[in-house]
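Put the complex together from the two separate chains, hints included.
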Amino acid sequence: MIKYQPVIGLEVHVELKTDSKMFCACSADHFAKKPNTQVCPVCLGLPGALPVPNEKAIEWTQKLGAALGCKLAIDSQFDRKHYFYPDLPKGYQISQYQHPLAEGGKFQSVNITRVHLEEDTGKLMHQKVGDKNVSLIDFNRSGVPLVEIVTDPDFSSASGAKSFARDLQQTVRHLGVSDADMEKGSMRLEANISVGDKSQATSDKLPNYKVELKNINSFRFMEAAINYEIERQEKVLENGESLIQETRGYDEKTKITKPQRTKEEAQDYRYFPEPDIPPLSFSNTQLEKVKSGVSELPQGKRESLVAEHKIPEMYAAVLTRTEELSDYFSEAVKIGDKHGLVAKKIADFLVNKKTDIKKVSPEGLVKMIKGDGEKSSLSDKHLEKAVEDVVGKNKGAVADYKAGKEVALKFLVGQVMAKTKGQANPRKVQDLLSKKLNE
Amino acid sequence: MIFKGNLTINKLRDGFLKKEFSVREVVDQLISRIEKYDGGINSFLTKTSDEARKKADGVDKKIANSGEDVFRESPLLGIPIAHKDLFLTKGVKTTAASKVLENYTPQYSATVVDKFANAGAITLGKLNCDAWGHGASGENSDFKATKNPWNKDYVPGGSSSGSAAAVASGFAAATTGTDTGGSTRFPASFCGVVGLKPTYGRVSRYGVVAMASSMDSMGHLTQTVEDSALVLSVTAGHDEHDATSISAPVPDYKKDLESGVKGLKIGLPKEYFNKGIDEDVITNVRTAVRTLEEQGAKVEEVSLPHTEYVIPAYYIVMSSEVSSNLARYDGIRYGQGRGAFTNEARRRIMLGTHSLSSGYKDKYYGQAEGVRTLIRQDFEKALGKVDVLLAPVSPTPPFKFGERTDDPLKMYLSDILTAAVNLAQLPGLTVPCGFTKNNLPLGFQLIGKALDEATLFRVGHAYQEATDWHTKRPKL
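Line by line, the protein sequences are chains A and B. So for the first sequence, this note's numbering puts the first residue at 11; every next one is plus one. So for the second sequence, this note's numbering puts the first residue at -3; every next one is plus one.
If you are wondering where the hints come from, they were derived from the structure by calculation, not from laboratory data. From a predicted model like this one, the values you see are computed outputs, not experimental measurements. Do not take every clue at face value.
A short list of chain A residues far from chain B (calculated; beta carbon distances all over 12 Å) [what the hints assert, rightly or not]:
1. K13
2. P51
3. R90
4. H92
5. F94
6. E113
7. G170
8. S340
9. A409
10. M427
Here chain A is said to cover these stretches of chain B; the calculated rule only asks that three of the stretch's residues, wherever they fall, bring their Cβ under 8 Å from a Cβ of chain A [to be verified]:
11. 101 to 114
12. 187 to 193
13. 274 to 284
What follows is a set of in silico ranges between Cβ atoms, one per label pair, in the way DEER data are often shown [as the list claims (entries may be wrong)]:
14. K299(A) with T369(B): 41 to 47 Å
15. K86(B) with K224(A): 20 to 26 Å
16. P247(B) with E65(A): 26 to 32 Å
17. V246(A) with K86(B): 56 to 62 Å
18. A244(B) with E65(A): 45 to 51 Å
19. A244(B) with A317(A): 35 to 41 Å
20. N294(A) with T369(B): 22 to 28 Å
21. K50(B) with R271(A): 33 to 39 Å
22. R271(A) with K86(B): 38 to 44 Å
23. R49(B) with P45(A): 51 to 57 Å
24. G87(B) with G195(A): 33 to 39 Å
25. S293(A) with S353(B): 34 to 40 Å
Every residue, glycine too, gets a C-beta built ideally from N, C-alpha and C.
Bound-form chain B, shown alone (with noise of 0.2 Å):
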């Protein structure tokens, strides 16, 4: 054992600037680390072990050659990370976690992927996720299911399972995750680590395989806020193959990271602390707000009154996006045909179908667009009495695998605090905050203005610096 401890980005620059360990040698760690404990995780999909290898040591060589020169050049040399199967990966297999891309091998690679790889990054490999991105719990991957590293009955919430899992699992520093209505934010409250879902636009969708591309964003998921911000200020950033991206200058997401939370305003939404969601979810939430208080916060109640309308409206504009998006998946091309997607896909393609077809368009798309408005607007009045929002992540404490299987409007249901902020596309930090009584986690997030990840940062980091619930890890 050469890296002891929990698996940071700024712990693992320390050690190689002080040359406590090489590159190659945290990567040989990790890769055994992965061989020895995945197998009952089931968090990765494809193992890119051999590249990883030869990659840690031309970054050695580097070092060597160069000095310390090269970590300003590349803020990521030489940390170890992974990447959904969602993200394109050229040259390396690329499934969307479905049967139907089961052999896909993309001839390009995503923004994200080439950002990651051009800051220094190694990649080890790619992971499982619920197929196409559709599910809260992991349960949809078309391989095998991941498992919570917390405890292997439970589920590590969805739909980037194996992205939540490998960074609890300490397998990688950093993994990349997609948030269409939560699947960032949401596992990484059930494994207990950080989540970023970035205001929409924020990072290029270039090479990712779609879900609902009004409201895709690429996140992604590390053991601590800080190293949340530094991710950030790698994948940000306007891209010339994504015309929704935007173009706004990506600010220091590092200059007000330490300044602290006195005098900044959290609301909380009345409505995200209802009768419907768990009470030990709640009292928890509220104990870490309070810690947030005792460091010089303000909180205040704020209302998002069509939270009610949340769901039908994300689930019926969601659809209706991904019927489009998977239709250029026809048989064809990639070697399956469309009786190789599985249930979950089915169903939305059918629901997404029905909410466009003529008859039909203005009752259901057509309203949920209104709507859509609406929770727009209830966001932008809360926002602007407060700073940044705070609200449970998840209904529940993390459920066991099948709990919700058989009813898939019990599953839905657990998108019911997340969706609402894809709706509106804006930014999302899900930070740990605890344990129930069976030891599984629990966490908040931070909801903010468009383009404003900054304060979620802070906020996150303050609350980080006041508690250690970011430094446990599962015993695997």
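Chain A on its own, in the form it takes in the complex (with noise of 0.2 Å):
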């Protein structure tokens, strides 16, 4: 008989994909550049810097709330949440507290809690110069915008954690508003674990402490930690004894959780309304207009692409990674349905093909579907090969381009095109050899 009944709760920080940071003009893109080239006096917290709101990572946060099935506030605003660590250079995060900008939603049947903007703090690096061991920061990540996504504690199992974690990165990628990934540090996930006693418990009472668990990066390691927590919090339990409020860190090199922090006494963060910028409010045209922007999210679209036009679900599942992908599937689907051409057929070439959305068009594609289909098809090693004979062949026209002649390529092509039988696709074959010619 299963005697505990764990609560999971997740907190989840999204890295937004603006061009510019949360209140200043830098590059928010910051990944791998060299340390303190994208810094400002707003983000570094000089004396007199004020913070100035990036509307588009409003917006964002406002449609990733939207998409959660969260209420969008009509009121919002910012606060200050205070405490002295060297990666926040003013002593304080500009954050949400009281008037998030949304709240109250549903996504994959869990209740999403709230959904707040802030900024990213700076990052410290630990290293030697020369023989002594410092601790250098890098601001460029300071003052990146960041959403939190926090659930209620609905979770029963790491399985149902992990689940959820990944559509929410599907939909966080759909949305276009971050990359999430996880290696980057652009997703960050945080569970909050407790394990209740199903005997005594009655219906809606959570236990009387919880396990934050932090250092996790990646959805496989989540659901290692989160397991491992539970039987370590079922054991204590088992053994009499009790549990204490504090956050915990994987290791994923012993696969277990340690203590990092006790949080007996809850930190005090001091919030209080940011005064440098006036409170935000929008007027219910906005709201719907965020709203309304929304399309149908992965999930939904998953089945019933499935549904509709009977592909595989792995197929669909690569087809909804993005937006941009979706959109160009069913734009392809109408054109080939006129050709005669199934949408199988479509997702079967777009997904194993790998083929560029960005460089052929819908009706291209359904061409070289249907070219596929009564030709064979042509691999790309034979058409380099093809390319290079007609160079090595026709030195004259090769002297001709690199003159300035542009017919010279043309005539190329058309070598080319004759050489693979006019199995090969003109615009590849001009790129091929334009790059060939300019190497």
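Written out as structure tokens, the structure reads:
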């Protein structure tokens, strides 16, 4: 008999990929950039500097909130959250406390507590300079817009939390507001875990402690860490001991969680309304516009693609990765229909041939597939060989092209087409040729 | 001696135009004056004499080449000014008069500093103040106390102590000040000069060391109301770097300057003429009121019923924001640890931290914000009946050094007549209106509707047309 009931909630941070940072004009694209090259008085927190909020980041947070079924706030505001840490240059983080941009949603049958917008911190780098161990601060990340999504403690298993996080990642990417890349840190997971005694617990009562799990940088580790933690907590209770409120980190090597700091006394962040930024106020029309800008979410779309076009679930998952790709597919299916091409064939081609949809139009794609079906397909290797041969044999035309005669290129394309018996895509041939000739 | 008499912007410009003196000559004269007398007054922390001379030569060349037209493009062309040391000046040390920033040289300039420079003004240096703007007497400077040029045993008022003393001493035609609870109006009154606190958001706060962000106003000090209006036309306006700056267009402050006060309604808030206020102060201000009445103004009594809650509300809101704004000086940058904060800043950090702490926040910060709303409504009501309010600036005449330093609460009460204007984010203007028996300056303040600085200038100018207090200068 199962005696214990795990109670799990998630806190997910997502870095928005806006052009500029949350409160200044510095580039928000900070990954692998030279330290402290994307900074200004505002994100360095210099004396006298003032934050000016990024409208795009606000709109994207609302968009994400709407996609997660939240109610968008008419009145919202930023607050200051105070704590001292070397990567926090102002001694406070501009965040949202009392009036987040979005609240009370539901996503994948999990209740979303809130979605709020804040600024990311700088990054500490511990390294050796000369023979001294030092800590250096890189402020490139300081002030990058960061969205925090908090769920109610609705999960009862690690696998449930994992599948939610995966779907959330897909949704964020689908909306085009973040890369949500766990390795690069643009998506970060934290789980709150406690275990309740089933025999004692009345239906709604939560355990009187929770363990905050940090340092999780993949979905797999999250699942492992939660499972480890559930087991650990159950053992403690089994031994008749009680659990404490604390923050623990997951160690990927030893596959165990270790205490980071106890939270017996909750940290006092001394929140108060950010006086440098006037309160935000939105009209219903504005909010409706944001909501209508959120198209069907990947999860729903995935299901409807399978049902409508009879394509395998796996294909549907790939085709709904981005809005751009799923729109492209729909367009191609429409055109394909007129040419007697079934959706599955298009899906098959898009998924397996890894077509670059930026280079080939949906019409082009349909033509390619039709051609493909009738003729044997031409491998890249064959085509490259053909291009090489033509360039080798037509020295005169090559020289003309290099001298600036564009017509010569057309001639060479014709030669390649002839050599491949018309199987090649002339655009691709032209690309390959000009690349080759400009080497 | 090339330039004689009072150092006003209008007089300087006239002289430049008539070629009575060059900009370089004026700048040289002021630099020697500062060298000669500021040792006894301590208004400057940093002097930028070499740069000032260079810039003066450049301006003279410009005038020689392009003639009078350049004055139209640059309303402050060749005017010698100085900045309170809270205003960031790129490449020039900016200390906030605190040991914490003793060696800080900013990488950028405040918007206001840039605006002065673009208008052609010449900066002579950086001015002393109470550290971080915390104080009413100037005694809290971590470096040296500024003295009142009228009598060096007396304080010049704070926190813009150096700014007021420098204008009174004829070291500069205009200086910048900040006003969070009276810091521009109060020292202006003690030094007998004109001090403007603009409407919150009218002038950009970008690049000025923050004290209490919801109240900080970037003001200035001058010898005349007319000059004050001219300077505001340069500093006012929306700034894309300050989200709280107001986008309403900047009016022509000159337009109604000469219109006089005939028919204007002036309200006297009765709580500002209470028993607690020094009798000489009240008598003096009432005399000024009569002068305006003689000019045709209508005077009536109004009430600001929540005045008794101003000091507690102000000190809670202010210290809460101070504790937050000073958190960035955490010892990692700027070369000094938090141990370098001196007593007054420490006191405010502790008060503010406490007021925002969980369990206390509702009782203190929350309650104070509630009171703030009531105070704002008081002003809305009173200013719904009259065009402008008139009141004393300081509850007492200038006091001596050390008189209030042992009792912080006594010092805090200096703000009793000025801080409400900051809580309500309204404009205020100090106008000199006479002297005590000991020949120490006194002043009154005008309080206007939001963004209605023009009416303050109009009333203040009318008063100065009818009196000559503003032309009196101390003997250094």
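We went through each hint and held it up to the structure:
no.	hint	in the structure
1	K13	36 Å, holds
2	P51	5 Å, violated
3	R90	6 Å, violated
4	H92	6 Å, violated
5	F94	6 Å, violated
6	E113	21 Å, holds
7	G170	33 Å, holds
8	S340	42 Å, holds
9	A409	55 Å, holds
10	M427	56 Å, holds
11	101 to 114	holds (count 4)
12	187 to 193	violated (count 0)
13	274 to 284	violated (count 0)
14	K299(A) with T369(B): 41 to 47 Å	33 Å, violated
15	K86(B) with K224(A): 20 to 26 Å	41 Å, violated
16	P247(B) with E65(A): 26 to 32 Å	29 Å, holds
17	V246(A) with K86(B): 56 to 62 Å	59 Å, holds
18	A244(B) with E65(A): 45 to 51 Å	21 Å, violated
19	A244(B) with A317(A): 35 to 41 Å	57 Å, violated
20	N294(A) with T369(B): 22 to 28 Å	26 Å, holds
21	K50(B) with R271(A): 33 to 39 Å	56 Å, violated
22	R271(A) with K86(B): 38 to 44 Å	41 Å, holds
23	R49(B) with P45(A): 51 to 57 Å	41 Å, violated
24	G87(B) with G195(A): 33 to 39 Å	37 Å, holds
25	S293(A) with S353(B): 34 to 40 Å	37 Å, holds
Going down the numbered hints, you'll see the structure goes against 2, 3, 4, 5, 12, 13, 14, 15, 18, 19, 21, 23, while the others check out.
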